[in-house]
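Asker: Construct all of the structure, not just a fragment, from the sequences and the given hints.
Below, each chain spelled out in residue letters.
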Amino acid sequence: MTVKKKISMTVNGQLVSAEIEPRRHLVDFLREDLHLKGPHLGCEQGACGACTVKVDGQIIRGCLFLAVQADGSVVETVEGLTKSGALADLQESFMRHNAMQCGFCSSGMLLAAAELIEKQPKASREQVREWISGNYCRCTGYHSIVDAIVDVLDARAKGQKIKPVLANA
Amino acid sequence: MNKPSDLKGMVLDPVTNDQRYIGHSEPRHGARRLLEGQGTYIDDIQLPRMAHVVFWRSPVAHMKIGKIHTEHASKMPGVLAVVDGVQMAKICKPWVATLGHLAGMKSAPQHALAIDRACWQGEPVVAVVAETRAQAEDALQHIDVEWEELPAVVSMETALDAQTPVIHPDLGDNLCFTRSLDVGNVDEVFATADVVAEATFGFGRHTGVTLEPRCQIADYNPGDRRLTVYHSQQAPHMMQDLYCRQFGLSESDVHVICKDVGGSFGIKVHAYPDDFATVGLAMMLERPVKFVADRLESFTSDIHAREHRIKGRIAANKAGDILAFEIDDLTAIGPYSMFPRTSAIEGNQVVNLVGGPYKHQNYRAHLNVVFQNKTPTCQYRGVGHPIACAVTEGLVDLAAQKLQMDPLEFRKRNVIPDDAYPCSGISGIKLEVLSHEQCLRTIEKMMDYPSLRKEQSELRKKGIYRGIGFATLIELTNPSPAFYGVGGARIASQDGATVRMDPSGVVSVLIGVGEQGQGTEGIYTQIAADAVGVPIDQVRIVTGDTDVTPYGGGTWASRGAGVGGEAVLLAAQALQENILKLAGAILNRPVEELIARRGHILDKATGEQLLPFSEVGRVGYFRTDTLPPGFSADLMVTRHYTQKDYPFIFTNGVQASYVEVDPDTGFVKLLKHWAVEDCGRVINPMLVNEQVRGAIVQGIGGVLFEECLYDESGLLRNGSMADYLVPMANEMPDIEVAHVETPTQSSKLGAKGAGEAGTAGAPGAVQNAINDALAPFNTHVFDQPITCEKILRALKKI
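Going down the list, the protein sequences come from chains G and C. Just so you know, we're using my numbering here: the first sequence kicks off at 1 and counts up by one. Just so you know, we're using my numbering here: the second sequence kicks off at 1 and counts up by one.
Hints should not be assumed to be uniformly reliable.
Chain G is faced by these chain C residues, among others (derived, beta-carbon under 8 Å) [as the list claims (entries may be wrong)]:
| no. | residue |
| --- | --- |
| 1 | Leu-34 |
| 2 | Asp-44 |
| 3 | Leu-47 |
| 4 | Val-60 |
| 5 | Ala-162 |
| 6 | Leu-211 |
| 7 | Gly-263 |
| 8 | Asp-502 |
| 9 | Gly-519 |
| 10 | Pro-535 |
| 11 | Met-686 |
| 12 | Ala-722 |
| 13 | Met-732 |
Quick look at which bits of chain C chain G covers, simulated, 3 or more residues with Cβ under 8 Å [said to hold, decoys possible]:
| no. | stretch |
| --- | --- |
| 14 | 36-43 |
| 15 | 692-704 |
SDA-like, lysine to any residue: derived pairs with alpha carbons at most 20 Å apart [as the list claims (entries may be wrong)]:
| no. | chain 1 | residue 1 | chain 2 | residue 2 |
| --- | --- | --- | --- | --- |
| 16 | C | Lys-672 | G | Ser-133 |
| 17 | C | Lys-67 | C | Asp-116 |
| 18 | G | Lys-163 | C | Gly-30 |
| 19 | G | Lys-83 | C | Gly-30 |
| 20 | C | Lys-672 | C | Pro-407 |
Everything labelled a hint here was simulated from the structure, so no lab data went into it. For clarity, every value in this text was computed on a predicted model and none was experimentally measured. Positions of the beta carbon are idealized from the N, C-alpha and C atoms, including for glycine.
Answerer: Right under this line is the structure:
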């Protein structure tokens with residue numbers, strides 16, 4: 001058996017300490033040890049993007065990143081970013097456009113989209129398509145996801161928020 | 001929000017008495033949690049004492065299994081059991097997947113874990129169970145199987161040759177199923193036709209690549225001898241039945257639960273050997289066992305589909321009338337027909353569907369379905385339709401080209417006219433009502449066809465090669481028992497819905513058809529809200545639980561809206577009647593004087609609010625003593641629906657693709673895609689659009705990128721997401737969708753299926769667009785996926 005290593009990091013605002021095997025991937029640590037099931041495992045080889053999480057402000061593949069590498073870092077997942085409201089506009093826009101079907105890619109897709117909005121606020125439709133090309137979606141055909149992200153970019157450019165989607169009573 | 005009336009097509013009469021949601025692009029409120037990381041997929045579930053199974057799978061295409069050494073692995077940390085095929089066969093019976101109505105079909109007995117021989121690379125042979133997944137994988141490295149490689153049947157072209165080894169000697173040959181059809185005077189028509197065009201079409205093997213891999217947790221409770229299986233699956237009742245039969249249990253002993261399913265597309269509607277093995281292990285160990293396929297296992301053990309080679313020809317006269325089609329289809333399905341739906345259905349569908357949109361009267365088809373040592377194939381989104389459509393539409397374009405007719409005009413001339421229904425297609429399929437002519441007119445306008453042609457010809461002068469391709473299609477949906485039931489498969493074509501009003505006036509709907517992302521639960525919410533008469537946020541949907549929902553078939557053959565939706569409508573309307581009866585008893589007024597609207601009972605004449613549903617519920621559940629003697633307040637109603645008027649309810653549509661081909665690199669750029677879809681009543685335009693778009697992109701994957709590549713010894717060469725290409729966002733075009741609504745008369749709702757037509761039409765449309773772009777070079781490519789290399793070969797550049 002490998003010697004376990006002590007690590008600590010801030011996950012969604014909470015300080016977390018644990019003793020883990022060095023081979024444990026960050027996404028497994030988040031999912032299995034911290035029970036944060038938002039990041040998903042689609043390929044375990046860095047291709048699909050379903051395991052995307054944020055480490056020190058940058059999105060990474062949770063399946064290619066060892067938990068020990070995140071020692072001392074700030075880690076954010078879809079759960080934390082939902083609670084903080086950081087994804088609210090994108091989530092409303094995804095709802096409005098039905099930009100998710102099975103939802104398995106959604107947490108990764110939202111985190112990728114959020115980084116695009118932060119880094120390229122003037123991105124064109126083509127640039128949106130290119131940016132999210134690191135994230136597989138097998139259900140939507142991408143059109144609605146692109147629509148949803150473009151709407152948020154447009155709203156931000158005008159200084160507006162995306163209106164919450166409410167059930168029509 | 002869109003209403004169908006805002007979209008192209010006719011405005012349908014409402015189906016409920018206060019219709020507010022059906023026909024509108026209502027968002028899927030229930031799906032919000034998926035955007036917040038709060039879904040419950042199988043791998044998210046952790047049960048107490050849960051163990052993990054991994055499989056030692058055949059490393060080669062065909063092998064004799066010798067001694068299995070498990071001693072070392074068994075002693076590894078955390079290992080709970082190492083089980084081989086002989087041990088597993090003591091509790092799990094083998095199966096043979098054939099259907100009675102596919103005459104002459106044969107297959108061999110298949111086991112949960114292979115015994116004596118493994119017949120494809122990836123077939124599970126030994127199961128290793130441990131406390132953690134990592135421990136199981138560590139131990140897997142120490143399983144030592146003595147094996148001897150056997151000759152593999154790889155190419156389908158030689159599978160039936162006398163010198164090719166027979167995979168299952170007891171079957172006598174490698175032929176699973178064969179079918180011939182000959183209608184009219186095919187030979188005479190081809191001999192005398194003004195124009196005959198022919199081509200050979202190839203379709204690469206591809207697979208579904210659900211983003212969530214196949215997975216399940218089986219839990220056996222020795223106390224009550226009851227099996228619970230959490231499964232990422234499309235047909236929970238079907239799996240319940242299969243576990244009963246293979247393990248000698250009864251339905252009351254088996255509980256199948258499907259929570260969130262991370263993509264299915266037909267991949268998750270089959271019963272896999274490792275499904276049964278996982279259940280068997282849970283029964284042996286009397287504790288929960290989780291199986292989650294890794295991506296390599298997905299590529300080698302999820303069903304594949306579509307490996308076909310079709311020689312086709314078409315005959316037409318000078319006037320531009322299609323006279324005949326003829327096809328010869330060869331397809332290979334792996335070493336076993338897949339359980340329980342069988343692997344002959346896809347080829348059978350091709351025979352049924354080729355030429356389907358057109359009014360020609362002569363058709364001959366021959367089909368051979370052969371065994372080979374590759375991963376088994378079975379039903380994947382579209383099932384035969386993408387193949388039949390690409391062959392038909394490819395031949396139609398060839399004929400139009402020879403006749404020097406515009407391909408759209410040629411189609412308009414030859415489709416079965418909109419006023420000809422009901423009628424039979426030439427293969428014998430029964431067509432209730434289709435709208436080819438209207439769809440063709442709609443797409444012509446949508447894409448502004450004349451100016452697109454003008455742009456194309458102007459760009460050609462500048463050395464830019466663009467192409468426009470069409471694909472007219474039919475799709476079978478809303479299946480009757482003719483699909484599986486009559487063939488002896490215990491797969492329900494009926495579905496049931498239970499609709500219940502709870503004391504506070506909110507509504508729960510329990511239904512056998514589940515959600516895999518299509519928005520099924522969303523449309524059931526819309527239907528139930530309208531039919532019971534409550535706001536949509538007061539409806540909750542429960543699916544995917546055999547202990548709870550009425551017995552039903554689940555998700556397949558585009559039946560969720562047409563069959564499941566009808567069951568919800570019937571049950572919800574019956575519940576509203578019961579609510580009114582109860583209100584009448586409470587108010588002491590004749591039911592005829594009352595109506596239900598938006599959670600209230602109103603006076604029909606004055607519109608005055610008399611009672612809220614919450615009051616009806618309070619009395620109906622807690623003060624039944626105040627009701628007249630003998631009155632039963634039945635606030636829970638179940639209705640079942642089977643579509644029995646036709647074997648299937650066919651839908652139709654047309655797609656168009658606009659592409660640019662670079663003749664120097666063979667690179668294809670998708671510029672735009674259009675689809676006109678007639679799925680009868682559109683319950684939610686946004687969700688239908690998204691089904692169409694997603695399905696089109698899967699079809700584009702098939703025509704341009706996706707192929708399970710094998711080497712000469714039958715080994716998969718591209719079993720990873722990095723090597724097996726699926727469409728990504730930057731390669732895909734924007735897709736414009738319009739609707740024509742021709743409701744089926746076989747139900748009150750009038751809805752037909754919409755989930756697969758996109759996949760059916762896209763390969764044909766893109767193939768034709770590429771060939772249109774290549775027309776100046778006088779060449780064609782009909783071998784899918786149409787890669788840069790194939791285009792450059794066609795151009796004789798390499």
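Asker: Does the interface hint hold: is Leu-34 (chain C) within less than 8 Å of chain G, judged Cβ to Cβ?
Answerer: holds, 3 Å
Asker: Would the stated hint for Gly-519 (chain C) survive a check requiring a Cβ distance to chain G of less than 8 Å?
Answerer: holds, 7 Å
Asker: So, as I understand it, the hint says Asp-44 (chain C) touches chain G; can you test that by seeing if any CB pair is closer than 8 Å?
Answerer: holds, 4 Å
Asker: Checking hints one by one. Is Met-686 (chain C) an interface residue toward chain G, by the C-beta closer than 8 Å rule?
Answerer: Because about 5 Å separates Met-686 (chain C) from the closest Cβ in chain G, which is inside the 8 Å limit, the hint holds.
Asker: Min Cβ distance, Pro-535 (chain C) to chain G: is it shorter than 8 Å?
Answerer: holds, 4 Å
Asker: Does Pro-407 (chain C) sit within 20 Å of Lys-672 (chain C), going by the straight-line distance between their CA atoms?
Answerer: holds, 18 Å
Asker: Quick one, are Lys-83 (chain G) and Gly-30 (chain C) close enough, alpha carbons at most 20 Å?
Answerer: holds, 18 Å
Asker: Please verify whether Lys-67 (chain C) and Asp-116 (chain C) have alpha carbons no more than 20 Å apart.
Answerer: holds, 10 Å
Asker: State whether the coverage of the stretch 692-704 of chain C by chain G holds or is violated, taking the criterion as 3 or more residues with Cβ-Cβ distances under 8 Å.
Answerer: holds (count 6)
Asker: Would you check whether Met-732 (chain C) satisfies its interface hint, that is, whether its CB is within less than 8 Å of any CB in chain G?
Answerer: With a closest approach of 5 Å, the Met-732 (chain C) hint holds.
Asker: Taking the least C-beta to C-beta distance, is Asp-502 (chain C) closer than 8 Å to chain G?
Answerer: This hint is violated: Asp-502 (chain C) lies away from chain G, its Cβ roughly 18 Å from the closest one there, beyond 8 Å.
Asker: Is the listed coverage of the stretch 36-43 of chain C by chain G valid when you require three or more residues with a beta carbon under 8 Å from a beta carbon of that chain?
Answerer: holds (count 7)
Violated hints, in rising order: 3, 4, 5, 8; the structure is consistent with all others.
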